[in-house]
Amino acid sequence: MTSAPTLLDRHRLMTRMRAFEAVCAAGVASGDLRGELHLATGQEGIAAGMVGVLRPGDWMVSTHRSHLHAIAKGVPLFPLLAEIYERAAGLAGGKGGHVHLFDMEHRFSTTGIVGSSLPVALGHAYAARLEGSSDLAVGITGDGGTNTGQFHETLNMAAIWRLPLVVLVENNDYAISVPADEVIAGPGIAARAAAYGAWGRRVDGTDVEAFNAAFAEAADHARSGAGPALLEASCHRFRGHYEGDLDHYRAKRARDEMVASGDPIAKALDRLIERGEADRQILDAIESEAAEEMTDLLAAVRAAPAPDVARAFDDVFAAPVR
Amino acid sequence: MTSAPTLLDRHRLMTRMRAFEAVCAAGVASGDLRGELHLATGQEGIAAGMVGVLRPGDWMVSTHRSHLHAIAKGVPLFPLLAEIYERAAGLAGGKGGHVHLFDMEHRFSTTGIVGSSLPVALGHAYAARLEGSSDLAVGITGDGGTNTGQFHETLNMAAIWRLPLVVLVENNDYAISVPADEVIAGPGIAARAAAYGAWGRRVDGTDVEAFNAAFAEAADHARSGAGPALLEASCHRFRGHYEGDLDHYRAKRARDEMVASGDPIAKALDRLIERGEADRQILDAIESEAAEEMTDLLAAVRAAPAPDVARAFDDVFAAPVR
Amino acid sequence: MSLRANANVSELIAATMELELARDPRTLLLGEDVGYSGGTFGASRRLFREYGEWRVRDTPISEMGFTGMAVGLALSGWRPIVELMFVDFIGVCLEQVYNAIAKNRYMSGGMVGMPITIRAAGGCIGVAAQHSQTLWGMLAHLPGLKVVAPSNPYDYKGLLAASIEDDDPVVFIEHKDAYLRPIRAFPLGAEVPDERYTVALGQAAIVRPGSDITVATLSTMVVRSLAAADTLAGEGLDVEVVDLRTVVPLDHDTVVGSVARTGRLLVVDEDYHSFGLSGELLARTFEALGPGGLRGARRLAVPDVPIPAAKSLEDVVIPSVAAIAAACRSLALDAGR
Amino acid sequence: MSLRANANVSELIAATMELELARDPRTLLLGEDVGYSGGTFGASRRLFREYGEWRVRDTPISEMGFTGMAVGLALSGWRPIVELMFVDFIGVCLEQVYNAIAKNRYMSGGMVGMPITIRAAGGCIGVAAQHSQTLWGMLAHLPGLKVVAPSNPYDYKGLLAASIEDDDPVVFIEHKDAYLRPIRAFPLGAEVPDERYTVALGQAAIVRPGSDITVATLSTMVVRSLAAADTLAGEGLDVEVVDLRTVVPLDHDTVVGSVARTGRLLVVDEDYHSFGLSGELLARTFEALGPGGLRGARRLAVPDVPIPAAKSLEDVVIPSVAAIAAACRSLALDAGR
Ligand SMILES: Cc1ncc(C[n+]2csc(CCOP(=O)(O)OP(=O)(O)O)c2C)c(N)n1
Ligand SMILES: Cc1ncc(C[n+]2csc(CCOP(=O)(O)OP(=O)(O)O)c2C)c(N)n1
Ligand SMILES: [Mg+2]
Ligand SMILES: [Mg+2]
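In order, the protein sequences belong to chains A, B, C and D. Converting from the first sequence to the numbering used here requires adding 491 to each position, the first position being numbered 1. Converting from the second sequence to the numbering used here requires adding 491 to each position, the first position being numbered 1. Converting from the third sequence to the numbering used here requires adding 95 to each position, the first position being numbered 1. Converting from the fourth sequence to the numbering used here requires adding 95 to each position, the first position being numbered 1.
Just so you know, these hints were derived from the structure itself, not from any lab. Any given hint could turn out to be false.
[Stated by the list, open to error] Each pair of labels, with its calculated beta carbon distance range:
{"id": "1", "chain 1": "C", "residue 1": "E145", "chain 2": "B", "residue 2": "G548", "range": "28 to 34 Å"}
{"id": "2", "chain 1": "C", "residue 1": "R276", "chain 2": "A", "residue 2": "K743", "range": "27 to 33 Å"}
{"id": "3", "chain 1": "B", "residue 1": "D775", "chain 2": "C", "residue 2": "D119", "range": "40 to 46 Å"}
{"id": "4", "chain 1": "A", "residue 1": "R793", "chain 2": "C", "residue 2": "R276", "range": "57 to 63 Å"}
{"id": "5", "chain 1": "B", "residue 1": "P796", "chain 2": "D", "residue 2": "D333", "range": "39 to 45 Å"}
{"id": "6", "chain 1": "A", "residue 1": "R741", "chain 2": "B", "residue 2": "D711", "range": "38 to 44 Å"}
{"id": "7", "chain 1": "A", "residue 1": "E784", "chain 2": "C", "residue 2": "D119", "range": "55 to 61 Å"}
{"id": "8", "chain 1": "B", "residue 1": "D711", "chain 2": "C", "residue 2": "A280", "range": "55 to 61 Å"}
{"id": "9", "chain 1": "A", "residue 1": "V812", "chain 2": "D", "residue 2": "E286", "range": "48 to 54 Å"}
[To be verified] A few chain A residues that face chain B, going by a derived Cβ cut-off under 10 Å, partial list only:
{"id": "10", "residue": "H643"}
{"id": "11", "residue": "E644"}
{"id": "12", "residue": "A650"}
{"id": "13", "residue": "I675"}
{"id": "14", "residue": "A689"}
{"id": "15", "residue": "F804"}
[Stated by the list, open to error] Far from chain B, some chain D residues (derived; all Cβ distances over 10 Å):
{"id": "16", "residue": "R121"}
{"id": "17", "residue": "W149"}
{"id": "18", "residue": "G172"}
{"id": "19", "residue": "G205"}
{"id": "20", "residue": "G221"}
{"id": "21", "residue": "A280"}
{"id": "22", "residue": "G297"}
{"id": "23", "residue": "G329"}
{"id": "24", "residue": "K406"}
{"id": "25", "residue": "S415"}
{"id": "26", "residue": "R424"}
{"id": "27", "residue": "S425"}
{"id": "28", "residue": "A427"}
A virtual CB, placed ideally from N, CA and C, is assigned to each residue, including glycine.
Work out the full structure: start from the sequences and follow the hints.
Quick look at the structure:
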């Protein structure tokens with residue numbers, strides 16, 4: 492997508508993203524994947540909405556719920572899924588796993604520690620300033636991550652040095668079982684930008700077009716040298732916190748309603764039809780193509796070998812050490 | 492002082508505070524005191540301005556620059572100075588020293604780590620809520636401490652649970668050599684209260700009466716159950732960051748000017764005379780009495796023995812452990 | 096307290112805290128997800144309903160803030176239990192743990208106690224480098240902290256009660272592998288009385304007597320070491336297994352007593368190999384017995400690498416039953432039968 | 096680089112960084128007070144003026160933030176030097192140090208390097224429990240970090256250059272006692288070439304040969320151990336002193352080689368006694384030499400207490416020349432001359 496993606500493009504991307512995560516989830520069911528796999532089903536509008544704004548030179552630092560961000564940043568699907576499946580052909584040869592994704596070529600990394608993504612993104616923004624480039628740094632966190640000290644320290648430093656940083660908050664209403672509105676004091680996340688004299692805005696992250704426009708504005712602001720932008724995108728976590736989470740702390744009715752009214756893919760689909768930009772047939776084809784693509788991808792990954800055990804002992808240091 | 496202290500009372504207290512710190516400084520010159528002794532000379536208006544508002548049941552948690560706060564909280568001078576001089580008769584038997592002061596009877600403690608005072612004060616405020624008491628917690632930090640993650644986490648939690656906490660920021664323009672306005676983004680410290688929906692205000696901390704009024708308001712707010720109050724008090728650090736600091740990073744002229752125009756004791760003195768509440772003779776007497784009091788105190792402390800070496804090995808745990 | 100017949104260790108931990116909350120009204124629990132949901136691992140189920148939000152507090156993701164809050168609570172006379180979810184997160188709040196919680200008693204000349212229990216999950220169950228550590232060696236290095244890591248249900252209950260009752264700070268490390276394991280599936284300590292009891296901190300247990308080799312270990316590695324001992328018994332090698340139970344206080348006397356009989360020590364540790372528990376225990380044993388008493392010693396621990404994600408790799412860095420057995424065999428060979 | 100005749104170690108450190116900033120334009124320095132003022136200990140003097148605020152950055156008191164920033168800088172291809180002022184503050188930011196800086200190379204399967212040098216002051220000069228620690232044992236326990244603690248001017252320069260040049264993260268612990276000590280007042284390493292050079296990480300130095308006892312130590316304790324050795328020489332006890340220089344990599348080979356000759360090991364450590372360097376080194380020596388080769392071993396370290404404020408108390412918990420000499424004497428007695 493070199494020209495600006497259309498809504499149909501974004502719909503296709505979101506559909507592929509969801510299908511990608513379906514084949515991630517399959518690994519839990521099949522026993523291939525251990526640990527806590529965090530999916531972003533329901534949050535595709537945000538990842539897909541960044542595409543077209545992000546440039547190859549931009550850096551992104553994400554969280555435990557990062558697969559869609561990786562896709563948005565251009566990380567190739569095979570090594571991505573292979574890493575999630577802890578295969579030798581994975582991004583990190585299976586040593587990082589699904590919460591620790593690194594792709595230096597596509598300028599993407601993650602951390603499993605909440606809040607810790609933000610200072611790392613700050614470092615990329617500082618580097619961009621040092622280099623005099625127009626690269627942007629995007630640091631992603633959830634609503635829960637805004638309660639960490641790292642959120643405060645990052646925004647303050649980005650603001651005093653006017654660094655090209657977008658702090659993107661995916662507010663999916665919950666940090667595991669804890670509702671955002673019970674643990675975030677004051678007028679809300681976006682409003683906290685004012686404390687740092689920063690650009691701040693809340694947008695509906697289930698509306699991929701609205702989000703895209705807001706993200707473009709945030710990115711322009713940050714790239715312009717005017718300091719950081721804090722963009723809060725509302726969305727919903729359709730699944731448990733991780734695959735296997737019983738999710739007993741949310742009422743079934745509220746969950747059903749959230750899926751019915753807050754699905755970014757359904758919203759885009761309705762809008763495409765309403766606007767006459769696509770019909771059911773095209774949309775159905777997109778869905779089945781995506782499913783097929785990901786089924787093939789999964790098959791390829793499953794066929795790929797696990798890492799050689801000797802790899803367990805290297806990469807602690809650049810060269811072995813006693 | 493059981494009835495509200497008068498300005499003359501506060502002037503006397505500030506004068507005694509300054510004289511107290513003069514005998515602290517003497518220990519550095521004489522070689523009695525090692526380490527980095529942090530004095531609050533020039534900041535007496537804040538400590539003295541809390542008196543009359545603070546109650547015995549209130550808790551205070553202070554920083555590396557805490558001696559005057561201890562006095563304001565009612566910590567007796569002999570064990571206080573004896574601890575600063577690391578004597579057996581000190582608050583902690585000489586084991587804590589001048590940055591680690593504890594007095595449970597007077598509900599006072601400190602920490603030498605910037606920012607770490609605030610969560611501890613939050614704990615006292617939480618305890619007050621658990622106990623249903625009207626006790627207040629006062630957490631003190633400098634301007635530099637507001638850039639720590641702990642500032643953010645503390646205010647957020649105090650606000651969501653509406654805890655009786657006053658976060659008191661002594662903004663003396665510098666964190667060691669780093670000017671506050673170069674490292675604090677946005678509209679300023681007090682304005683950050685808005686991010687948490689908290690009460691926030693900036694006041695001139697060199698005007699002991701103005702500070703007292705603002706502190707009373709902050710305390711009332713916090714005690715009322717309406718959540719935390721963030722009070723920023725401007726002031727100046729007359730001396731180096733610690734005794735022995737060359738203070739080469741501040742221009743001599745600016746320092747002279749700050750002492751000439753920002754001395755809380757001189758301000759109180761001028762005002763007392765202007766209002767006819769005291770004359771030079773009385774004020775001179777206060778000063779010489781304070782000097783005498785502290786000279787005697789120092790003599791008593793100097794005569795007191797150092798701790799017994801056996802004490803080095805106890806108090807790690809409640810009972811000795813292998 | 097009475098548990099379901101099929102109860103697992105996470106339920107046992109919740110029931111243990113329930114007894115403590117009931118027994119001492121100054122006890123309270125703080126942490127992410129400990130309240131309404133009953134804990135990410137279910138280890139605080141029911142407590143929120145019974146004791147309410149002020150004593151069972153769901154916190155924001157502000158570990159430094161709420162760990163420091165525990166310091167103030169303790170100074171105010173309360174006895175907080177802080178749940179950190181994964182012990183790996185202690186890097187976010189170590190400052191309050193080691194500079195305040197661990198040192199306040201000493202720095203106040205004994206005026207102040209810090210009766211704080213920090214509960215956290217440790218150990219490996221396939222969650223890679225940032226969620227699989229045990230870190231007890233790191234924590235034990237810092238004076239003022241007690242460090243506990245139980246191996247079996249009886250001890251989970253008794254050591255946790257003792258930790259909460261203790262007037263000193265305790266880091267209590269629960270193995271993730273234990274949470275969902277039914278109590279009755281444990282090879283030892285599967286009989287858990289309903290009533291409250293404590294297991295003293297600082298007393299190791301000889302969980303399998305033997306005469307040829309002493310294996311000193313703790314937490315889940317006790318179970319693996321017992322399995323290895325069973326295998327070796329068939330080969331004529333008689334292994335004594337010592338469950339250390341607590342890292343601080345470290346009951347080296349029991350280990351030394353055992354090695355005085357066997358002459359050989361193997362330390363099995365799920366923490367990193369170097370600069371931790373295994374070296375310390377070897378050193379203390381040598382210091383106690385001298386070159387005449389310690390004929391051979393060996394360590395089996397995570398070989399100073401972060402924990403890899405892939406199971407194939409994890410399996411070679413975490414001591415397995417086979418690796419424990421192999422280490423025993425070669426120790427027996429080296430340091431003559 | 097050329098220093099004043101009376102220059103002290105803080106000036107030497109600044110001069111060393113100056114050479115590194117000049118040599119590699121991707122190197123930069125971050126930390127509180129490192130810029131305009133030239134460093135709280137004067138260890139970055141002149142650099143701000145020469146390299147400007149973007150490469151020599153005064154930060155707010157946000158250690159977690161700027162340590163994490165170093166991670167991003169390193170991923171972007173830069174080589175940050177982070178100054179933490181006192182190593183005791185690492186508890187505020189250990190998360191970024193041990194879960195990112197130390198593990199990123201491994202977790203990325205070797206894709207990513209973390210060429211970050213963390214400089215921090217350690218050791219005792221009368222500033223009590225929260226400002227006197229060395230903590231190298233704690234840091235060495237965490238895989239992925241190199242840990243360096245020089246004893247003398249020549250090594251301060253050479254090891255710091257090597258640390259900054261290294262492609263792995265290094266925690267470089269400067270002893271507060273050294274900063275203001277004139278270079279020429281050191282008993283060893285007082286000749287410092289003007290030009291750049293490196294001292295390899297992981298190579299201990301025998302700084303005093305001897306035949307009766309091996310004293311393995313590092314940082315300021317090397318100086319004290321040499322003084323103790325001088326005293327003991329007068330008593331007919333010939334002490335070999337090994338300066339470890341780096342804790343990770345730990346050059347146990349040099350220690351083992353020395354003990355193979357002397358038969359006796361004393362580890363002198365300004366860090367806490369248990370679960371740290373002293374136990375590890377004793378264990379490795381025993382593992383290498385067996386009971387036949389190691390006749391006696393002893394440890395002298397901070398006896399698992401926080402550092403007290405009063406000088407009288409500090410003096411009994413920090414190894415002194417007298418205490419080192421006494422430990423050598425009793426080791427010689429115990430493990431027969
Ligand atoms: C410092 C830290 N504390 C706790 C955790 C455990 N944890 C993992 S994800 C999570 C919730 C994060 O919530 P949020 O930031 O809203 O992201 P979401 O999961 O909703 O995408 C928690 C508490 C962690 N990984 N790191
Ligand atoms: C976490 C931490 N970082 C750094 C320090 C070193 N330090 C001690 S005081 C200080 C400056 C504090 O500035 P401020 O909060 O404004 O207080 P002031 O000294 O001006 O009273 C610093 C950086 C510390 N003690 N703790
Ligand atoms: Mg969330
Ligand atoms: Mg200040």
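Consistency of the hints with the structure:
no., hint, result
1, C:E145 x B:G548: 28 to 34 Å, "holds (30 Å)"
2, C:R276 x A:K743: 27 to 33 Å, "holds (29 Å)"
3, B:D775 x C:D119: 40 to 46 Å, "violated (57 Å)"
4, A:R793 x C:R276: 57 to 63 Å, "violated (29 Å)"
5, B:P796 x D:D333: 39 to 45 Å, "holds (41 Å)"
6, A:R741 x B:D711: 38 to 44 Å, "holds (40 Å)"
7, A:E784 x C:D119: 55 to 61 Å, "holds (59 Å)"
8, B:D711 x C:A280: 55 to 61 Å, "holds (58 Å)"
9, A:V812 x D:E286: 48 to 54 Å, "violated (29 Å)"
10, H643, "holds (3 Å)"
11, E644, "holds (5 Å)"
12, A650, "holds (3 Å)"
13, I675, "holds (7 Å)"
14, A689, "holds (7 Å)"
15, F804, "violated (35 Å)"
16, R121, "holds (25 Å)"
17, W149, "holds (14 Å)"
18, G172, "holds (26 Å)"
19, G205, "holds (31 Å)"
20, G221, "violated (3 Å)"
21, A280, "holds (19 Å)"
22, G297, "holds (32 Å)"
23, G329, "holds (27 Å)"
24, K406, "violated (7 Å)"
25, S415, "holds (12 Å)"
26, R424, "holds (21 Å)"
27, S425, "holds (19 Å)"
28, A427, "holds (26 Å)"
When the structure is compared with the earlier hints, violations turn up for hints 3, 4, 9, 15, 20, 24 and for no others.
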